[in-house]
Amino acid sequence: MNKRSFSMLVVAVVVLALVLMPIVSCKAPAPPSVAKPDKVVIHHFGDLSGPYAGITAPIVTGFKDFAEWFNTEGGGIDGVPIVDMFRDTGGKLDAALAAYAAFKESKPYPIVNMLYGSAESEALRERYIEDKIFCFTNSPSPTCIYPPGYEFSTIPSYTDSMGAFIDWVTNVWAKKTGQKVKLAILTWDSTYGRAIMVDETRNYAKSKGVEIVYEGVYGMRDLDVSTQMTAIKAAGANWVYDNTLAHGPKVVSGAAAALGMLNKNLYDTTPGMIHRATGPWGTDESAVMLLGDLAEGMVGPRSFASWSMPEVEGIAAAIAAADKHNRASKERVMGYLAAWSEVYTICYGMNKAVKEAGWENLNGETLRAQFLKLKGFSPQGMTKYTFTADKPEPTQTRILQVQGGKLLPITDWVTCPDLRPAQYKK
Amino acid sequence: MAVARPCGTYDESYAKDMAIVRTRLQWIILVVGLIFLLSLPLFLGGRWLNLLNLIGISLIAVHGLNILTGYCGQISLGQAAFMAVGAYTSGVLTAKLGFPFWVALPCAALSAGVVGLIFGLPSLRVKGFYLAMATLAAQFIIPALISHPLEGITNGVRSLVVPVPKLGQMAFTSPQSMFYIIIPIAVLMTFFAKNLVRTGVGRAFIAIRDNDLAAEVQGVNVFRYKLLAFFICSVYAGVAGCLWAHWMRAINPDHFTLMDSIWYVGMMIVGGMGSTAGAVFGVAFLRILDELTKVGVMWLSGIFVAWAAFLQAALGPIVYGLVIILFIVFEPRGLAHRWEIFKASYRLRPFAY
Chain A
1 MNKRSFSMLV VAVVVLALVL MPIVSCKAPA PPSVAKPDKV VIHHFGDLSG
51 PYAGITAPIV TGFKDFAEWF NTEGGGIDGV PIVDMFRDTG GKLDAALAAY
101 AAFKESKPYP IVNMLYGSAE SEALRERYIE DKIFCFTNSP SPTCIYPPGY
151 EFSTIPSYTD SMGAFIDWVT NVWAKKTGQK VKLAILTWDS TYGRAIMVDE
201 TRNYAKSKGV EIVYEGVYGM RDLDVSTQMT AIKAAGANWV YDNTLAHGPK
251 VVSGAAAALG MLNKNLYDTT PGMIHRATGP WGTDESAVML LGDLAEGMVG
301 PRSFASWSMP EVEGIAAAIA AADKHNRASK ERVMGYLAAW SEVYTICYGM
351 NKAVKEAGWE NLNGETLRAQ FLKLKGFSPQ GMTKYTFTAD KPEPTQTRIL
401 QVQGGKLLPI TDWVTCPDLR PAQYKK
Chain B
1 MAVARPCGTY DESYAKDMAI VRTRLQWIIL VVGLIFLLSL PLFLGGRWLN
51 LLNLIGISLI AVHGLNILTG YCGQISLGQA AFMAVGAYTS GVLTAKLGFP
101 FWVALPCAAL SAGVVGLIFG LPSLRVKGFY LAMATLAAQF IIPALISHPL
151 EGITNGVRSL VVPVPKLGQM AFTSPQSMFY IIIPIAVLMT FFAKNLVRTG
201 VGRAFIAIRD NDLAAEVQGV NVFRYKLLAF FICSVYAGVA GCLWAHWMRA
251 INPDHFTLMD SIWYVGMMIV GGMGSTAGAV FGVAFLRILD ELTKVGVMWL
301 SGIFVAWAAF LQAALGPIVY GLVIILFIVF EPRGLAHRWE IFKASYRLRP
351 FAY
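Quick note, the sequences are listed as chains A and B, same order.
Residue numbering for the first sequence follows our numbering, beginning at 1 and increasing consecutively.
Residue numbering for the second sequence follows our numbering, beginning at 1 and increasing consecutively.
Watch out, some of these pointers could steer you wrong.
Chain A stretches covered by chain B per the calculated footprint, using a threshold of three residues with CB under 8 Å from any CB of chain B [said to hold, decoys possible]:
(1) 47-60
(2) 81-91
(3) 121-131
(4) 140-146
These are calculated hints, taken from the structure and not from any lab test.
Virtual Cβ for every residue (Gly too), placed ideally from N, Cα, C.
Hey, can you work out the whole structure from these sequences and the hints?
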């Protein structure tokens, strides 16, 4: 191929691309379904074969058990059963995009999707808006949900949740002990972990009289943080907060225990000892199981009820469903309950939309409108959802503490301080 | 393996001897192939176009790596990090400074090339595994720089939202429209890679790979060409990163991991090092295998419902890993070698050799 031939080839490729592109781009979108369907498919993607598999697996189980319960005892959506369609992304973004492309082509045109990871929630955000598909995501990353679009978060943001902890530790713990809160932040070196290391939380802590004496990170695969804990001790911290999950809290507590710093007694103020708090996904039964005895005394914000609250209607139903299917203890964790309450809420919204506007008008747009009407909505007492047009994330949570191996609330429902990025506040 | 010409094809000049496309049949195959490739969005759904887009981006990155490692013999384990440089350059230029994609693309390529040059400097002093370790440093330093000191412009660990490319009023939002950006660029960069290795630069690369001392004795400026190979490799990575950013629409340092860099090396090895066609085969094979295992697992999960959880969690990676092991054992010289055998047997038919 000489230079002339090569130039011709370049021109030919470009011309051909320019000619074909508009033809392809003019493809008509799939029309929405108009008739009452025989089933409603709720799609969800997540990492079942990658690093977050341990987190996603109980969510998938909870989704399936809820679907069965809802179809038999909940009456379905206007009598129509729900079916779950899960796609594994392996924690890879390109796989999430492929899953989205397949999901978007499904018939009838999809209404709703659930996501579990920050990376895919961020990458797909604009696509949900363009395609008018509602997404209920377990990632409250500001990049996903602001400016408000079609992605709504299932839990308060990590900054708001930490704000709720700061409120409790200053209003309750500090007053009861008479101690100044000296807080260390030791979290995963990832998007998720570092989400709390922002000016909003720093300024809020300062405004509440909390002194942040240390900020540090560790790798998601690191199993020893003794060096960081030694620095935390030297800085004089009496609390350490991490935004991790699964084995994350164990790494922090393990190092604290090894260095003789671990304080299991919530109101003990022995110098050199440290109390632990973890973020909303760390305040989880799976972390408690991993921690064993070390879990005792750990606190954290959590917007879902725990398995140790059988008096809650949704928990009782979940326990019965898990018993019926012989679910192992590793599946009886927060992910299971999160899926239960999230799908319950989606079904509630769909039911309302169908009743108000009929099946022909059930789509992502009308479901989103129904979610915006949720004010203090409590799916079987499992959580509380209030969404507004400028804040598509829940605003309420509770502080839970590990007591005798159980996660029990030590506060009533509290409204989190609004710590979203300043540019998204009206 | 000696290159066998089709019967009746003679190389009567050096130009003919070096030509990429020699015969009328090859021209026809090329033109029909390109028309077929570019009209795929007319037949394929978004899912498969997404796969093709991913193959296109990976192909660009692997071509760069192949020039550096396959032709010049310099190992790099930092290709994903160089992609991050391209992605962030383009992301910042378009999202924060309002540059159009078409301007950001060459800037991304150039910036990645310059960063690649810096990390290529140790290649003068170290070789082999030691050089691999030196380039591995890029995989730690670049994401750390993006996450921390440059947080003000890159958004750090918070993702950077990247706008879609536009051409006049047309926004490239769908997999179909992105296909017409990614695939033509991948095709052109494939031709550029193929063309490069038959130039003086390409021959210098091969001389360095085969014996750098002998190359130096023959007058090849080894350091200069090694750095040039790093630059070209990183330019390819920069283009791939830029396309990745605008295809994903949100970028984060977590997107560009060491694991991705290793996979790019894996794709090159499976395809066959030192072969442009090998890069195409390696990328297509591994990406399609990945997709097919997912489809297979979903199908099996529907049949064996009781084992669905196990199948979804474990079967895909196991099958994927096994296929790669078997492939490496039975065809260590890569798919390109198998392709050459096939072509030779076709040309020599009915003779065995």
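Do the hints match the structure? See the list:
1. 47-60: Result for this restraint: holds, n = 5.
2. 81-91: With 4 residues in contact (Cβ-Cβ under 8 Å with chain B), the coverage given for the stretch 81-91 of chain A holds.
3. 121-131: holds (count 6)
4. 140-146: Holds: 3 residues of the stretch 140-146 of chain A have a Cβ under 8 Å from chain B.
Comparing the model with each earlier hint shows no violations; every hint is respected.
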